[in-house]
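As you go down the protein sequences, you meet chains A and B in turn.
The UniProt record's numbering puts the first residue of the first sequence at 1, with every later residue one more than the last.
The UniProt record's numbering puts the first residue of the second sequence at 1, with every later residue one more than the last.
Everything labelled a hint here was simulated from the structure, so no lab data went into it.
Accuracy of the hints is not assured; some may be wrong.
With a cut-off of at most 25 Å between alpha-carbon atoms, the simulated BS3-like pairs for lysine-lysine come out as follows [claimed, not checked]:
#	chain 1	residue 1	chain 2	residue 2
1	B	Lys310	B	Lys266
2	A	Lys91	B	Lys331
3	B	Lys287	B	Lys242
4	B	Lys81	A	Lys177
5	A	Lys82	B	Lys161
6	B	Lys242	A	Lys177
7	B	Lys242	B	Lys16
8	B	Lys242	A	Lys23
9	B	Lys153	A	Lys82
10	B	Lys287	A	Lys79
11	A	Lys178	A	Lys159
12	B	Lys266	B	Lys16
13	B	Lys52	A	Lys82
14	A	Lys178	B	Lys242
15	B	Lys153	A	Lys178
So the derived label-pair ranges between C-beta atoms look like this [to be verified]:
#	chain 1	residue 1	chain 2	residue 2	range
16	B	Ser58	A	Gln4	39 to 49 Å
17	A	Met131	B	Glu100	51 to 61 Å
18	A	Arg122	B	Gln246	22 to 32 Å
If you're wondering where the values come from, they're calculated on a predicted model, not measured in any experiment.
Positions of the beta carbon are idealized from the N, C-alpha and C atoms, including for glycine.
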Amino acid sequence: MECQECHQRPATVHFTQVINGNKTEVHLCEPCAQEKGYMMDQYGGDFSIGNLLSGLFNFESSPLTSGHSTTFTPNSGLKCEKCGMTYDEFKRTGKFGCAHCYQTFDAQIDPILRRVHSGNTRHNGKIPERMGGNLHIQRELERYRGELQDLIQREEFEKAAKIRDKIRSLENELNRKKDGEE
Amino acid sequence: MSLQQFINEAVSPWMKEDGPDSDIVLSSRIRLARNFAHVPFPIIASEDQLGKILEFFSQEFEHQAFGDYQRFELVQISDLKPIEKRVLVEKHLISPNLAENTDTGAALISQNEQVSVMINEEDHIRIQLYYPGLQLERALDKASEFDNWLEEKIDYAFDEKRGYLTSCPTNVGTGMRASVMMHLPALVLTQQMNQVIPAINQLGLVVRGIYGEGSEALGNIFQISNQITLGKSEQDIVEDLKSVVQQLIERERNARQMIMNQSGIKLEDKIFRSYGVLAHSRVIESKEASRCLSDVRLGIDLGLIQNVSKTILNELMVLTQPGFLQQYAKKALSPEERDVRRAELIRERLKLEKE
Ligand SMILES: [Zn+2]
Ligand SMILES: [Zn+2]
Chain A
1 MECQECHQRP ATVHFTQVIN GNKTEVHLCE PCAQEKGYMM DQYGGDFSIG
51 NLLSGLFNFE SSPLTSGHST TFTPNSGLKC EKCGMTYDEF KRTGKFGCAH
101 CYQTFDAQID PILRRVHSGN TRHNGKIPER MGGNLHIQRE LERYRGELQD
151 LIQREEFEKA AKIRDKIRSL ENELNRKKDG EE
Chain B
1 MSLQQFINEA VSPWMKEDGP DSDIVLSSRI RLARNFAHVP FPIIASEDQL
51 GKILEFFSQE FEHQAFGDYQ RFELVQISDL KPIEKRVLVE KHLISPNLAE
101 NTDTGAALIS QNEQVSVMIN EEDHIRIQLY YPGLQLERAL DKASEFDNWL
151 EEKIDYAFDE KRGYLTSCPT NVGTGMRASV MMHLPALVLT QQMNQVIPAI
201 NQLGLVVRGI YGEGSEALGN IFQISNQITL GKSEQDIVED LKSVVQQLIE
251 RERNARQMIM NQSGIKLEDK IFRSYGVLAH SRVIESKEAS RCLSDVRLGI
301 DLGLIQNVSK TILNELMVLT QPGFLQQYAK KALSPEERDV RRAELIRERL
351 KLEKE
């Protein structure tokens with residue numbers, strides 16, 4: 001398979017890009033992938049975005065045209081109060097400066113995350129063992145609440161009562177922990 | 001140093017073990033990206049801040065042990081000579097990016113080299129854990145236990161909504177990159193990779209040739225990894241990757257069988273010619289060397305070549321990289337000199353097998 005950019009070297013970097021829910025295949029040789037900003041670090045297996053981001057921001061500022069005209073973006077004044085990273089800088093580098101940046105730019109990053117993560121914007125994986133204490137309980141609560149709904153619908157009230165007890169005790173535990181934190 | 005000793009140092013101990021489906025899957029790897037909650041990410045942090053992270057690791061984890069992983073060594077990039085750095089990169093224990101952080105970069109490496117924690121790379125912490133063969137779930141379990149062990153002493157940057165926070169939004173969520181290295185000579189030979197790669201891409205997985213400075217998949221070795229880190233659980237990501245890898249294994253085995261049935265003698269000829277080139281050449285470029293190594297490894301897997309160990313492909317792919325060649329020669333070498341050294345090293349290595 002030849003590189004779709006230069007049509008000279010064989011393509012060695014292969015992936016699918018998702019833009020607005022449309023999947024596009026991308027096949028590039030290493031030099032072209034680098035040039036286009038689709039850097040894949042073979043050792044860390046990383047996938048960084050670079051130019052992909054600037055493409056996205058063009059689109060963000062003028063959603064109806066796919067042209068390269070950059071118009072004024074109202075977000076450019078945003079700045080992370082913890083690390084000083086500005087939104088413009090983030091756009092240029094594609095990298096955040098600190099954990100707090102995720103909150104600072106929260107309203108801006110959904111389209112980026114959707115694009116890179118196949119439409120996903122919310123975490124659905126591991127919770128830190130020690131720090132995630134309350135989150136573990138909350139996840140368990142969510143699961144039991146769903147179960148409770150099911151049982152009530154199926155009129156299995158005896159089982160539902162047991163689940164409700166479990167929910168109450170978890171809620172109590174959660175409240176105790178929250179009080180402890182204050 | 002004798003060649004045997006040199007090889008022992010060049011090949012990580014875990015690589016010498018046999019894993020499931022190791023005729024096709026060379027290794028499985030889990031990488032987890034983590035950051036300290038209250039320190040800016042390395043791209044923006046001051047040298048002082050990153051120096052403190054380094055110091056923290058040296059105090060808390062150096063010479064510690066965790067389960068099977070004995071005696072972690074903290075290797076500081078600033079202490080390494082250029083060739084030593086290159087050797088660690090060629091062994092995949094550190095990334096080229098980390099090798100460039102000569103001020104505050106470091107790696108915490110277990111004695112068997114199965115675990116390597118890169119410190120102050122793009123993220124503060126990057127845990128890498130390897131297993132031979134196809135053992136993604138096991139690698140994930142171990143990596144997760146190891147992650148918990150670190151977390152006992154570190155406040156991670158974590159957010160309920162976005163998960164583990166990373167410097168680059170492409171890693172956020174699980175922070176996990178799961179990958180396998182596969183040897184797929186028959187799929188390449190039967191020109192099936194062209195159909196296979198787009199199909200794999202459709203499933204949100206990335207395929208790339210590894211080794212060499214670009215252009216081709218040297219040695220017919222491919223790395224397959226997950227592209228998406230957000231919105232799916234670690235277990236689901238690994239499960240999806242594994243099912244694709246299993247289908248690829250199946251296809252590669254079928255293709256091997258098909259070639260053997262249809263043109264067995266020609267394949268045998270190709271394999272033994274390659275063996276001859278490796279055993280006798282005096283000058284060999286890395287491209288030719290990796291092609292021949294791939295052939296010989298296929299010959300071993302098909303039972304055509306006996307008395308040569310399977311690890312020869314992984315081993316010589318690493319050993320014949322520029323960094324290792326120069327370390328073995330104990331001096332800097334021009335590309336032409338490397339080609340001579342490479343041929344020499346491969347010849348000696350094959351002789352070792354017969355003894
Ligand atoms: Zn190209
Ligand atoms: Zn910030």
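Outcome of the hint check:
{"no.": "1", "hint": "B:Lys310 <-> B:Lys266", "in the structure": "holds, 22 Å"}
{"no.": "2", "hint": "A:Lys91 <-> B:Lys331", "in the structure": "violated, 43 Å"}
{"no.": "3", "hint": "B:Lys287 <-> B:Lys242", "in the structure": "violated, 30 Å"}
{"no.": "4", "hint": "B:Lys81 <-> A:Lys177", "in the structure": "violated, 51 Å"}
{"no.": "5", "hint": "A:Lys82 <-> B:Lys161", "in the structure": "holds, 19 Å"}
{"no.": "6", "hint": "B:Lys242 <-> A:Lys177", "in the structure": "violated, 39 Å"}
{"no.": "7", "hint": "B:Lys242 <-> B:Lys16", "in the structure": "holds, 22 Å"}
{"no.": "8", "hint": "B:Lys242 <-> A:Lys23", "in the structure": "holds, 22 Å"}
{"no.": "9", "hint": "B:Lys153 <-> A:Lys82", "in the structure": "holds, 23 Å"}
{"no.": "10", "hint": "B:Lys287 <-> A:Lys79", "in the structure": "violated, 49 Å"}
{"no.": "11", "hint": "A:Lys178 <-> A:Lys159", "in the structure": "violated, 29 Å"}
{"no.": "12", "hint": "B:Lys266 <-> B:Lys16", "in the structure": "violated, 31 Å"}
{"no.": "13", "hint": "B:Lys52 <-> A:Lys82", "in the structure": "holds, 18 Å"}
{"no.": "14", "hint": "A:Lys178 <-> B:Lys242", "in the structure": "violated, 40 Å"}
{"no.": "15", "hint": "B:Lys153 <-> A:Lys178", "in the structure": "holds, 22 Å"}
{"no.": "16", "hint": "B:Ser58 <-> A:Gln4: 39 to 49 Å", "in the structure": "holds, 47 Å"}
{"no.": "17", "hint": "A:Met131 <-> B:Glu100: 51 to 61 Å", "in the structure": "violated, 31 Å"}
{"no.": "18", "hint": "A:Arg122 <-> B:Gln246: 22 to 32 Å", "in the structure": "holds, 29 Å"}
This entry does not satisfy hints 2, 3, 4, 6, 10, 11, 12, 14 and 17, going by the numbered hints stated previously.
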